[in-house]
Every structure is written in structure tokens, then in C-alpha cells.
Amino acid sequence: MDTPDTRRLALVTGSTGYIGGRLAPRLLEAGYRVRVLARNPDRLRDVPWAGDVEIVRGDLLDASTLDAAFADVDVAYYLVHSMTGSHGKAGFEDSERRSAENVARVAKRSDVSRLVYLGGLHPDDVKLSRHLQSRTEVGEILLASGVPTAVLQAGVVIGSGSASFEMVRHLTEVLPYMPAPRWVRNKIQPIAVRDVMHYLIGAADLPADVNRAFDIGGPDVLRYGQMMNGYAVEAGLPQRPIAPLPVLTPRLASHWVNLVTPIPRSLAMPLVESLQHECVVREHDIDAYIPEPDGGLTGYRRAVQLALTKVRDGAVETSWQDASVADAPSDPLPSDPDWSGHTVFTDDRTRETEASPDKVWTVIEAIGGENGWYSFPLAWAVRGWMDKLVGGVGLRRGRRHPTRLNIGEALDWWRVEKLDRGRFLRLRAEMKVPGLAWLEMSVEPTATGSSYRQRAVFFPHGLTGRLYWFAILPFHGVIFAGMARRITAEAARHDG
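For the working numbering, count along the sequence shown from 1 and bump the result up by 529.
Misleading hints may appear alongside valid ones.
In silico lysine-lysine, DSS-like type, Cα no more than 30 angstroms apart, as pairs [claimed, not checked]:
#1 K947 with K961
#2 K839 with K716
#3 K839 with K947
#4 K716 with K656
These aren't lab readings, by the way, just hints derived from the structure by calculation.
All chains should be built: construct the whole structure from the sequences, respecting the hints.
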């Protein structure tokens, strides 16, 4: 007779994101059973802990999908927030509110013992940005749910792959001199991602009568300019002179961040807005419930050292890039029958090669990042800068690992949407285009070697989308034909 598993059950929402993807394996290490909620479970297929957790498909905006996820849960972590893809759209606050209300109702109905939410550190006496206000409202909804809730309010999170760390890193590495808004002098209190994990896990054991928000932060209170120069010291770079400018609005500053760093404007805007005010820990009440980790909280410079080591070792566990722009349910996919009735343009190319399928696949899976796209690097670079100028992601996101891809990862301006390792790769474009675009690469064995197929797919939006396709069509014969030719040639070279 099987012995029942008496370990407590933790539910992690946002498990494909930066914080949730790190919390799930640490909850396992802490002795919890872990269930994760994902709109697209395929994105978790390649994470190393996938076989150790229960993966449930669900959407926080659809309450009917949540009952199974919350059944028998002891502690539920709410780690979902729209930081990209929705800034400036009228409805993102409503979506955040609906998600929180759904979680509050289902958690109460399911007798969940504890909710834990990671919110944003903010002052009380100022008008907050839309994103910070939305995060504050989510916390208030959960606190009013009737389920004991801990709202942990953190400021700048420093860790390998975090958006805040990447912003500091690239601004410091790219710019020898930093013209900056006046708010670079504001005081902020960064916290290492490892300490965020410590508090999130500790919050599960708070007494049942604790239903409140707590400020959390690291031991150092710094100005943003000090953070940049602290990074420069740890990275072996000269100190960066910083000249505050009298007028530089958050919108203009987010454009600047977008051009200089891999961070798209949609994410740069809320990051910049969060720096408009001094955000430091106002109370230390959490200390009465959750002791500091052994050795104390991690200082900023030490957090940078740890993050740089992970980056240099290619061991970045999760990244801000893991959170993709949410797709509308009606968005057609290349696998839909008859293209779901949409107008579709394709560029389809096939090349035979004597190289083995394994060698061709090795080239396919290593594409992008430092390895390039095997066709006119200048053209790809120009297209990347054009995307940056309109607030897109550009080419500078690179890739996490030099030779291996996983579903859901960012790859320059693409995202890995489907991966059948050894045979098929589908990338979905996240650049600014008037439509939806994919690039597919596949390989099949033949009697004499293998057959490489490459297909670009574009669903235009309106007349602008159609004009865009025909404007770039003359370049396809050069770009895509050259790409197919060089990929097979590279595979043959390695096979020889």
C-alpha cells in the first residue's frame, strides 16, 4: 500500500517567468510538493525540474481553468505581472485586476492556507505609475480575499538575467559617459534575487493571523549612479561619469534605455518609472517573522559578482526574456488548418546536402546570437537597429546558451515557439512588424544525406502589412536564399 505524501503542496503561478522559474526548484529543495500553473505547459518541457513538479494548464484570466490548479493547495504564489506587451494599452489594469480577483475567489473556495504575492516597493505619498499602481491594487485585492496573504514589496532585483541587472549592466558597459535624468540621484534599495527567494519561501510559514504587506530590501541604500559605478568596479571597467540632465521624461528615458540595452521600450518604461521616486525599505517588520539568511542579506556588489559569474559561465537560470508578449487567443499559427482563413505569405526553400541530419541540426540549433544568421550580417544588424528605433527588442537579446535552445527562450528578436530537437525549429518574431511572422527550419534524412527546409511565414495586418511584405520581397532572394545555402554549407564543412 502506497504511503500518502504528507508534504505541503505549493502552487506557483508565473512559473515560466523570471521569479517563478527560480522559485519552483527551490521549493522542491525546501521539501514541498510543487504544482505549477502555465498557459502553455510546453514552455516548461525543457526546464530541469519539469519531471519533479505537477504541471497544470490554466489561465488566471479564465477562472474556469483554476479549480484543478488550486485543489488541495497549502500555499499559492502569485508571481504574474504584465511588465511587457501592455504598457500604454487601456486594458492592462483591467486584466491585472481580473486575474487577482479570480485567484482571490478560487483560493478562498479551495481553502488555501496562504497566498504570497511579490509586489513593488513604493512610497505612500506620491502618485504612482500605472504599473506600480496596478501592482499595489493586486496586493490589496489578495489581502481582502479572506485568505491570509503576505505581500512582499521589493524594489530593484539584482540577479543574472533580471531586467534591472541587465539594464545596469548594459548602460555601464556601453556608455563611457552617462547623460541621465535627475532621478539617478534618487535613493533605492536593491535586493539580490537569492534573498527574494529566501523571503518568498519563508512567507509560506507565516502565522495564520498575518495578513499584510512587508517591505523587503538588501543591506545597501544606493543611488542609481552608484549602482552603475559599483557594477563597473566588479566588471573591471573604469568609473562612469554621470551628468544629470534637467529634463528627461520617463518616455524619453525609456527610448534611450531601449536603444542602448537589449530591453524593449515596453519593459524599459515601467523600469524607468519605478526609479522616479526614492524607494527604500520603510519598515523591517519582516525580521520578526523571517530571520535573515545565514551570513546575512547579500550586498549589492556581492550580488553583482554572483550575477556576473553566472553570465560568464553561461549558467543563467531564468531571464526577463522568458516572459514573452502575450498572444491573443485568436492569433493564427502556421499549423492551423488552411491558415485559419487568413491571408498568408510564405518564402519556402529546400536544399539537399550530403551532410548528415545531425550535422545540419547542429547548425540550426546554434543559429543566432554570437553565431549570427548565416546571411549578410549587416542587413540583419540594420534591421535590428530599425526595430530598436521603434521600441522593439532588436538583435541584442542574443541567446542564453551558445548551442542549445529550449521552448520559450528568446533568440535575438525571435522566440522559440516549437522545438522537435534533431528535426524541427519554429521561431516566432517579436520585432515590430505590421503582422505576425515565423521562421521555420527543419531537416529530414535522405538516401544521400539530408534535406534542409526553411520557411518564412507572414500574416499581414491590413494594407500596411501587405505593403510591408512586398517592400521586403526583393531582398528575400538574397537574405533567405543565402541563409539556406550557408547553413547547408556549414553543415557539410563539419561533416567532412
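Query - Pair hint K947 and K961, alpha-carbon separation not exceeding 30 angstroms - result: Given pair K947, K961 holds - Cα atoms ~21 angstroms apart, limit 30 angstroms.
Query raised in the report: Is the hinted pair K839 and K947 satisfied, with a Cα-Cα distance of at most 30 angstroms?
Result: holds, 27 angstroms
Report task. With a cut-off of 30 angstroms on the C-alpha distance, tell me whether K716 and K656 pass. Result -> Holds: K716 and K656 sit about 17 angstroms apart, inside 30 angstroms.
Report task. Mind checking the alpha carbons of K839 and K716 for me, to see if they're no more than 30 angstroms apart? Result -> holds, 27 angstroms
Against the hints set out earlier in the document, no violation occurs for any number.
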